[in-house]
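Peer 1: Just so you know, the protein sequences line up as chains A and B, in that order.
Numbering-wise, the first sequence is residues 2 to 160 according to this note's numbering.
Numbering-wise, the second sequence is residues 68 to 259 according to this note's numbering.
Honestly, I wouldn't trust all of these hints.
[Stated by the list, open to error] Keeping only pairs whose Cα atoms sit at most 27 Å apart, straight-line, the calculated DSSO-like set for lysine-lysine is:
#, chain 1, residue 1, chain 2, residue 2
1, A, 10, A, 25
2, A, 25, B, 91
3, A, 137, B, 159
4, B, 233, B, 159
[Said to hold, decoys possible] For each label pair, taking beta carbons as the anchor points, the in silico distance ranges come out as:
#, chain 1, residue 1, chain 2, residue 2, range
5, A, 25, B, 72, 39 to 49 Å
6, B, 98, A, 119, 49 to 59 Å
7, A, 17, B, 173, 37 to 47 Å
No lab work stands behind these hints, which were simulated from the structure alone.
For glycine and all other residues, C-beta sits at the position ideal for the given N, C-alpha and C.
For reference, the chains in residue letters:
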Amino acid sequence: MNTLYPFFKWANDTWLSQVINDSKWLFPAIEGVHIAALALLFGTILVMNLRLMGVMMPERPRSQLSRELEVWTLCSLVVILVTGVLLFVSEAVRSFNSGPFRIKIVLLIAAVLFHFTISRRLMREDERQHSAGLCKTAGVVAIGLWMGVGFAGRAIGFF
Amino acid sequence: MIGAGISVLISAAVWFLAVAIPSKTGSPFAPIRDLCQRIAETSVGRGILESVYAFPIIEGFHLMGIALSIGVLCWLDLRLIGIAFTDQPVSKVWRQVIPVASLGFALMFITGGLLFWAEAITAYDSVHFWIKVALILLAGINALYFEVVTHRGIEEWDSAPVPPLKARIAGLVSLILWTAVIITGRTMAYSF
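Could you put together the complete structure from these sequences and hints?
Peer 2: Below is the structure:
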């Protein structure tokens, strides 16, 4: 883990980090955008996975819904990642020492990979091809992973 | 592009809150402040604040409540504006969205109440908290007005890809107000 420390130190000392730390309103502003994007991203993730589990919009074809949500998911993901990087840069060394931050990054990578491989494939392929049990499990895992990201993210502020 | 535009708007709102509106109240209204003091000093209030894990965990659930309520409700708002699910009747989107969003709102209000219980005095002294409460009330009034007034005669435009202006305004106002609630919820945590 310590081999990564120079990177965190470098991020912490960048010009961008200084600018955010010198301002009294920039950090909350970036955080506000981060959380608004979170609402949108989690909203699309929830609708998609609840559809996969057969809870929401059961009459709407999965592949169609998946395509409709895609642009919203991608846009909110871009916004949340950009603001997330800015928040990280402004307190990189603190993040390095934060347990929840490490958990969050691992869960985030897992959630994004799970979304763009398994979830998306289940949504796009013929519904009869996969059992309801498999889809329900995938939905629960995806929602669980994203909730983990949210909880760990919130915990960074405390631990 | 839209994401960047909205991000700039949100940042501008935070800048305005941070720079133009001092968050500390100058002349506290004593009786209510005393009440808040008493709320904060109850064993539950103290317990939440002093526990290492209670406050962060409740905050975590509060955040998940935001995702469940506002994140899912925004699809109804976007349908009302005429941006998303335009091939489906508004009433159908309503039936799909409201049960999940209601769950989220319940979670958000319960956890919000617990957070207030612990921080009643800090919240009372923060102008941003009162702005947030006002915005939530406005969002509630907007939803109630839609339910009671605009919703009548929905048969005429239920299947229209772009609903009439009054419905589009209701959707847009809801989106703006709930985003503003998120913003003030964040800014009340900082002392500007």
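Peer 1: Could you work out which of the previously given hints the structure breaks and list their numbers from low to high?
Peer 2: Violated hint (a single one): 5; every other hint is consistent with the structure.
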